[in-house]
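Q: Sequence:
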Amino acid sequence: MRAVETIKNIWKIEDLRKRILITLLLVLIYRFGTYIVLPGIDPKDLTALGEQTRGGLMALLDMFSGGAFSNASIFALGIMPYISASIVMQLAAIVIPSFQKMQREGESGRRKINQWTRYLTVIVLILQGSAYLVNLNVQLRSAGASMPTDWWFRISSTIIMAGGSMFVLWLGERITDKGIGNGISFIILIGIIARLPHSLFEEFTSRVTEKSGGLVMFLFEILFLLLVMAGAILLVQGTRKVVVQYAKRIIGNKQYGGARQYIPLKVNAANVMPIIFAQAIMFIPISLAGFSNSGENSSFMRAFMDNTGFWYNFVFALLIIAFTYFYTAITINPTQMADDLKRNNGFIPGIKPGRATREYLDEIMSRITFPGAIFLAIVAIMPAFARILGISQGFAQFFGGTSLLILVGVVLDTLQQIESHLLMRHYDGLLKSGRIKGRTGAIAAY
1 MRAVETIKNI WKIEDLRKRI LITLLLVLIY RFGTYIVLPG IDPKDLTALG
51 EQTRGGLMAL LDMFSGGAFS NASIFALGIM PYISASIVMQ LAAIVIPSFQ
101 KMQREGESGR RKINQWTRYL TVIVLILQGS AYLVNLNVQL RSAGASMPTD
151 WWFRISSTII MAGGSMFVLW LGERITDKGI GNGISFIILI GIIARLPHSL
201 FEEFTSRVTE KSGGLVMFLF EILFLLLVMA GAILLVQGTR KVVVQYAKRI
251 IGNKQYGGAR QYIPLKVNAA NVMPIIFAQA IMFIPISLAG FSNSGENSSF
301 MRAFMDNTGF WYNFVFALLI IAFTYFYTAI TINPTQMADD LKRNNGFIPG
351 IKPGRATREY LDEIMSRITF PGAIFLAIVA IMPAFARILG ISQGFAQFFG
401 GTSLLILVGV VLDTLQQIES HLLMRHYDGL LKSGRIKGRT GAIAAY
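Reminder that position 48 of the sequence shown reads as 48 in the UniProt record's numbering, one-by-one numbering, no gaps.
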């Protein structure tokens, strides 16, 4: 009954109702576009491309694009080129002084960085579009089909896919402005969820008809998935609150400061970035294997091409732990935090301002990053354990990795926004006790 009452309260708020309806409309437009095939391509000839996207990097790209990649759709490149460009700009803002200066310029600097990000996205789209057409041609030929190979087709198809991805980016921005949640993250979430019903039905059918265990084993898998999601929520929400006291200041007849606040240091400050970096490194052996026919490295290559093997997952986990420390170190700056506290007359009780505060914050981050990195590595290799237990590849992807962390984080943030609208109008929240806490920091895959 409480759920029905909450839905009624959501529907009563006109602004929230409009935002939800606009979000649903834009999502429907996006889902419709994922089925519009490139001109000159016969959808019946895409069987080989669909088989190629069942595992590895292609499966990840297809999931993030909501199936548009395997459909040879005008949205085939999805939103990931923009995510890649955003990651590059984030790293550039850390190491390049001119980009650091733009970041410090406030709103005008943010607009400049966004504009540069879009320019870089177009370049990435042109490169990826050309590579996609080459791969599509290979897959069609392996299936006994063909596609136009003239330059006009290649140029026009690349422009269409680049335009499609920029349109998806525009849809995401409209969701952010006029809908609910972070639009870019929501687009990725819809792409992930779109694959869930088919994967769930495929696993159910295989368990009932082919595999051992039947319905009981299927229910056990669902329970295990819920437990993994609960663990991912703990990882996403985990914070270490550092007490901060601000000195009292009396200006005129008013007193400022004197309140006790907290600095929330996240256990997983790097979010999904370490998994993305580690996956990029782990796909290098697969790329090398494609260019080499030598039998000398065949056993080595096979060990690192088997994503359910021990060595693949062991090295993958080590890379995630290393990249977690690396990305946390370049994004969390204890020196700047200590300087900001000192400038605002804030201090950590029992710790001297300045260098001692910096060392204290750095020590805390080092301590909480270790369990966060270990837990993140476990979540990342969880799909491999699911495959070993006999779960189908499509369904196993939801048991961990980037997709699960994005799904959990975006759902929490979206629910938090809905709850904020409810509380602002003096309605009850979505939970009986407490409030939903969204993530702080980056929301999407970056």
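Keep in mind the hints are simulated off the structure, nothing from the lab.
It is possible that part of the hints are untrue.
Listed below are the simulated EDC-like cross-link pairs for lysine to aspartate or glutamate, each with C-alpha atoms no more than 20 Å apart in a straight line [said to hold, decoys possible]:
{"id": "1", "residue 1": "LYS18", "residue 2": "ASP150"}
{"id": "2", "residue 1": "LYS178", "residue 2": "GLU14"}
{"id": "3", "residue 1": "LYS352", "residue 2": "ASP339"}
{"id": "4", "residue 1": "LYS241", "residue 2": "GLU363"}
Pair ranges (Cβ atoms, derived) [said to hold, decoys possible]:
{"id": "5", "residue 1": "ALA3", "residue 2": "LEU28", "range": "23 to 29 Å"}
{"id": "6", "residue 1": "SER420", "residue 2": "LEU318", "range": "36 to 42 Å"}
{"id": "7", "residue 1": "ARG31", "residue 2": "LEU234", "range": "43 to 49 Å"}
{"id": "8", "residue 1": "ARG54", "residue 2": "ALA3", "range": "54 to 60 Å"}
{"id": "9", "residue 1": "GLY354", "residue 2": "ILE378", "range": "34 to 40 Å"}
{"id": "10", "residue 1": "PRO371", "residue 2": "THR209", "range": "37 to 43 Å"}
{"id": "11", "residue 1": "TRP170", "residue 2": "LEU91", "range": "23 to 29 Å"}
Cβ coordinates follow ideal geometry from the N, Cα and C atoms, glycine included.
Q: Work down the list of hints and note, for each, if the structure agrees.
A: Hint check:
1. Restraint check: the Cα-Cα separation between LYS18 and ASP150 comes to about 47 Å, which exceeds 20 Å; the hinted pair is violated.
2. A C-alpha spacing of about 13 Å is found between LYS178 and GLU14, which places the hinted pair at or below 20 Å, so the restraint holds.
3. At roughly 12 Å between alpha-carbon atoms, LYS352 and ASP339 fall within 20 Å of each other, so this suggested pair holds.
4. For a cut-off of 20 Å, the pair hint linking LYS241 to GLU363 stands: about 14 Å separates their Cα positions.
5. Restraint check, ALA3 to LEU28: a C-beta distance of roughly 24 Å satisfies the suggested window 23 to 29 Å.
6. Distance hint for SER420 and LEU318: a CB-CB separation of about 40 Å, consistent with the stated range 36 to 42 Å.
7. Separation of ARG31 from LEU234 is about 31 Å and departs from the stated range, judged on CB atoms against 43 to 49 Å.
8. With their beta carbons about 37 Å apart, ARG54 and ALA3 fall outside the hinted range of 54 to 60 Å.
9. In this structure the hint that GLY354 and ILE378 lie 34 to 40 Å apart at CB holds, the actual value being about 38 Å.
10. Between PRO371 and THR209 the C-beta distance comes to about 42 Å, which sits within the given range of 37 to 43 Å.
11. At roughly 25 Å, the beta-carbon separation of TRP170 and LEU91 lies within the given 23 to 29 Å, and the hint holds.
Of the numbered hints given earlier, the model fails hints 1, 7 and 8; all others are met.
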